[in-house]
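As given, the protein sequences belong to chains G and D, one line each in that order.
Under numbering that gives the first Met the number 0, the first residue of the first sequence is numbered 0, with each subsequent residue one higher.
Under numbering that gives the first Met the number 0, the first residue of the second sequence is numbered 0, with each subsequent residue one higher.
There's no promise every hint is true.
[Unchecked claim] Label pairs and their computed distance ranges (CB to CB):
hint	chain 1	residue 1	chain 2	residue 2	range
1	D	G44	G	N174	22 to 32 Å
2	D	S185	G	F82	54 to 64 Å
3	D	L152	G	F183	51 to 61 Å
[Unchecked claim] List time: in silico BS3-like cross-link candidates among lysine-lysine, alpha-carbon distance up to 27 Å:
hint	chain 1	residue 1	chain 2	residue 2
4	D	K2	G	K242
5	G	K118	G	K242
6	D	K2	G	K27
7	G	K242	D	K8
8	G	K27	D	K285
9	G	K197	D	K281
10	D	K236	G	K118
[Claimed, not checked] Some chain D residues well away from chain G (every beta-carbon gap over 10 Å; in silico):
hint	residue
11	S1
12	K8
13	M23
14	W51
15	T53
16	F95
17	A111
18	Y130
19	A147
20	Y158
21	Q177
22	M253
23	T258
What the hints contain is simulated information worked out from the structure, not anything from laboratory work.
Note that the Cβ used here is the ideal one computed from N, Cα and C, for glycine as well.
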Amino acid sequence: MTPLAPSKVHKRDLSEVGWSFQRARNRKDLFSALGFLLPNFLGFLLFTTFPVFVSLLASFTNWDIRPGVPLRWVGLLNFRDMFSDPDFYQYLWNTVYLMFGIPFSIAGSLILALILNRKLRGIVAYRTMFYIPTITSGVALFVMWKAIYNPDFGFLNLSLDWLISHGGINWFRENLLHTAPITFEQLPKWHLDPDWAKPALILMGIWAGVGGGNMLLYLAGLSNIPPELYEAADLDGAAPWAKFWNVTWPQLAPTTFFVVIMSVIGGLQGGFEVARVMTNGGPAGATTTLGYYIYNKAFLEFRLGYACTVSWTMFLAILVITLIQWRTGSRYVESAT
Amino acid sequence: MSKPAQIAKTVLSHVVLAAVAMTMLVPFFWMLATSFKPLTEVESGRFLPVQWQTRYEVDPARPGEFTRVNNYLEVIASSVPDRRIPFAQYYFNSLFIAGWVTVLQVLTSAMAAFAFTRIRWPGREQVFLMYLATLMIPGVVTLIPNYALFERLGLLNTYSGLIIPAAFTAFGTFLLRQFMFSVPLSLDEAAEMDGASRSCIFWDVVLPLARPGLITLAIFTFMGSWQAFFWPLVMIKDEWLRTLPIGLLVFDSMQGRETQLIMAASVMTMLPLVVLFVVGQKYFVKGIQLGAVKG
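Kindly generate the complete structure, drawing on both the sequences and the hints.
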């Protein structure tokens with residue numbers, strides 16, 4: 000081994016000095032980073048991370064908060080109970096049924112965004128009005144809809160009745176079809192009728208969501224499409240319809256992807272608040288979703304362990320469905336853009 | 000495209016947009032109109048009230064006593080003992096809780112976002128990924144153990160029990176991190192050269208420049224807390240601690256047919272949100288679009 004040249008030694012010394020300085024700085028950085036992070040991180044650990052694992056463990060126990068029920072490890076018993084409970088399947092079906100509104104809601108948001116994107120006057124005013132249902136969403140809005148859907152004096156049935164008797168529908172039925180006129184009593188009972196309750200909630204959901212966050216995301220997506228693409232399409236003499244399918248739709252693929260995933264995640268865990276306010280999960284369990292089932296098990300029957308089982312199952316279902324969407328969706332997004 | 004076709008298209012667009020806007024607003028107008036009706040008119044089928052219920056009246060036969068003919072005052076005045084519901088108390092509770100949650104969440108999220116964007120430390124990206132991962136967990140998964148935890152801590156049915164769990168969220172950290180990335184790092188370095196400490200850089204350099212982000216998060220948080228339902232529903236046992244949504248739910252199930260009062264209560268619950276939205280719309284729209292950048 001040849002002795003090091005003096006200049007090299009010199010260089011190495013310097014770099015070593017620099018390295019220890021760097022290390023001191025790193026340590027100082029680490030401490031100050033911890034100082035800034037800690038308040039949030041401790042709360043995050045205590046109220047989010049820790050409960051997730053407690054919930055997982057609890058789903059294998061008979062955890063019950065009433066006094067006098069000793070905590071026992073029951074293995075897969077809760078899962079067996081859940082999968083053999085016919086109610087569980089009905090509520091799962093309700094949850095899926097209520098999600099049938101999602102494609103209509105997303106399509107509506109896209110159409111509204113496309114119209115709003117045509118640099119018209121008063122766009123901000125329209126956008127504000129469309130967004131009001133999203134802003135006010137919550138108990139107050141559901142209470143309002145409960146009154147609107149009321150079959151005896153609600154705004155919807157009174158308006159429908161007026162339209163039918165004054166708008167010519169009954170005239171048409173009596174004079175041309177020779178059928179009996181539609182009476183006020185024959186109108187749907189909306190959220191109070193087991194057959195109409197779910198469609199009523201879906202209609203309200205579309206009304207509330209169509210001009211909301213999804214529309215804003217589509218507007219942002221539209222403003223990010225490079226105008227050259229449309230110019231090129233114009234040069235080719237493309238029709239508006241062709242421009243939509245060949246430029247707009249593929250360019251919006253990432254937005255659609257995000258919107259669909261978030262809607263599905265929201266739909267699978269949703270439905271509790273609206274049903275609690277408007278229908279109490281009824282009539283005849285027609286609007287009880289998985290979220291509502293969990294609430295009932297945990298806070299009415301106090302079976303916390305079982306409720307954790309159902310909520311973890313829901314979480315896993317969301318995870319799997321999101322991963323599937325992610326894989327198929329990102330392939331589509333990549334080929335589209 | 001020819002000029003007339005262009006005009007026809009614009010007119011058609013306005014017709015569609017106006018129709019949708021009407022559909023969005025008419026239910027609210029109906030609610031507003033109903034909230035000014037007397038009970039006898041609620042089921043009449045007329046859209047507008049005949050006798051607007053807008054004042055307090057003094058009954059000449061009984062001076063000093065008021066006849067209430069204003070549904071809003073009737074709902075608010077229910078806070079007088081032996082009246083139906085303490086609505087004014089609910090209002091105070093909601094404001095108090097939402098105010099504290101907003102201050103705490105913006106502060107802790109800003110500090111955490113600072114640590115995630117301005118300081119280099121080992122494991123930074125991994126910890127952030129953990130934050131992101133929890134955004135997908137349904138609320139009910141954590142809610143049940145938290146309920147048991149707060150029961151053990153003796154915080155069920157208290158203001159702190161309603162404020163604390165909402166004060167630390169992954170979402171706030173995520174949103175402010177997005178905003179802070181847009182504040183140039185060179186400003187920190189310049190301040191550091193001048194001998195500024197980390198906390199100086201945080202308070203005097205980064206926070207003022209991240210102000211739009213802070214306002215956005217504050218609006219989101221305030222609205223979220225104002226609307227919070229599940230947690231207050233299971234937490235609160237005491238009538239005097241109820242927040243507006245819970246109070247409204249109870250009111251609705253108690254009042255039954257007195258729809259004009261329920262509508263007045265709903266209008267009062269919604270009003271602060273609408274005002275906040277109209278005032279802070281710029282920040283709101285930006286926040287939604289930014290929150291979705293990375294999902």
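Do the hints match the structure? See the list:
1. Range check, G44 of chain D to N174 of chain G: Cβ separation about 25 Å, and the 22 to 32 Å hint holds.
2. About 59 Å separates the C-beta atoms of S185 of chain D and F82 of chain G, a value consistent with the hinted range of 54 to 64 Å.
3. For the pair L152 of chain D and F183 of chain G, the beta carbons lie near 55 Å from each other, so the given range of 51 to 61 Å is met.
4. This hinted pair checks out: K2 of chain D and K242 of chain G have alpha carbons roughly 20 Å apart, not beyond 27 Å.
5. The hinted pair formed by K118 of chain G and K242 of chain G meets the criterion: a straight-line CA distance of about 18 Å does not exceed 27 Å.
6. A hinted pair counts as satisfied when its Cα atoms are at most 27 Å apart, and K2 of chain D with K27 of chain G does not qualify at roughly 68 Å.
7. This hinted pair checks out: K242 of chain G and K8 of chain D have alpha carbons roughly 17 Å apart, not beyond 27 Å.
8. Of the supplied pair hints, the one linking K27 of chain G and K285 of chain D is violated, its CA atoms being roughly 35 Å apart against a limit of 27 Å.
9. Proposed proximity of K197 of chain G and K281 of chain D is contradicted: the alpha carbons are some 35 Å apart, above 27 Å.
10. With a CA separation close to 52 Å, the supplied pair K236 of chain D and K118 of chain G exceeds the 27 Å bound.
11. With a closest Cβ-Cβ approach of about 14 Å to chain G, S1 of chain D is found to remain outside the 10 Å limit, as its non-interface label requires.
12. With a minimum CB-CB distance of about 8 Å to chain G, K8 of chain D fails to clear the 10 Å threshold, and the non-interface call is violated.
13. Separation of M23 of chain D from chain G is inadequate, the least Cβ-Cβ distance of about 6 Å not exceeding the 10 Å criterion.
14. With a closest Cβ-Cβ approach of about 18 Å to chain G, W51 of chain D is found to remain outside the 10 Å limit, as its non-interface label requires.
15. Consistency note on T53 of chain D: stated as away from chain G, and its beta-carbon is indeed over 10 Å from all of that chain's, at 21 Å minimum.
16. For F95 of chain D, the non-interface assignment is confirmed: its Cβ lies about 18 Å from the closest Cβ of chain G, beyond the 10 Å cut-off.
17. A Cβ of chain G approaches the Cβ of A111 of chain D within 10 Å, the least distance being about 4 Å, so the stated non-interface status is violated.
18. A Cβ of chain G approaches the Cβ of Y130 of chain D within 10 Å, the least distance being about 7 Å, so the stated non-interface status is violated.
19. Against the 10 Å criterion, A147 of chain D falls within the reach of chain G, whose nearest CB is about 7 Å from its own CB.
20. The beta carbon of Y158 of chain D sits about 16 Å from the closest Cβ of chain G, which is more than 10 Å, so the claim that it is off the interface holds.
21. With a least beta-carbon separation of about 14 Å from chain G, Q177 of chain D lies farther than 10 Å from that chain, consistent with its non-interface assignment.
22. For M253 of chain D, the requirement that its beta carbon stay farther than 10 Å from each beta carbon of chain G is met, with the minimum near 12 Å.
23. The non-interface label for T258 of chain D is inconsistent with chain G: the shortest C-beta to C-beta separation is roughly 5 Å, within 10 Å.
When held up to the earlier numbered hints, the structure conflicts with 6, 8, 9, 10, 12, 13, 17, 18, 19, 23 and fits the remainder.
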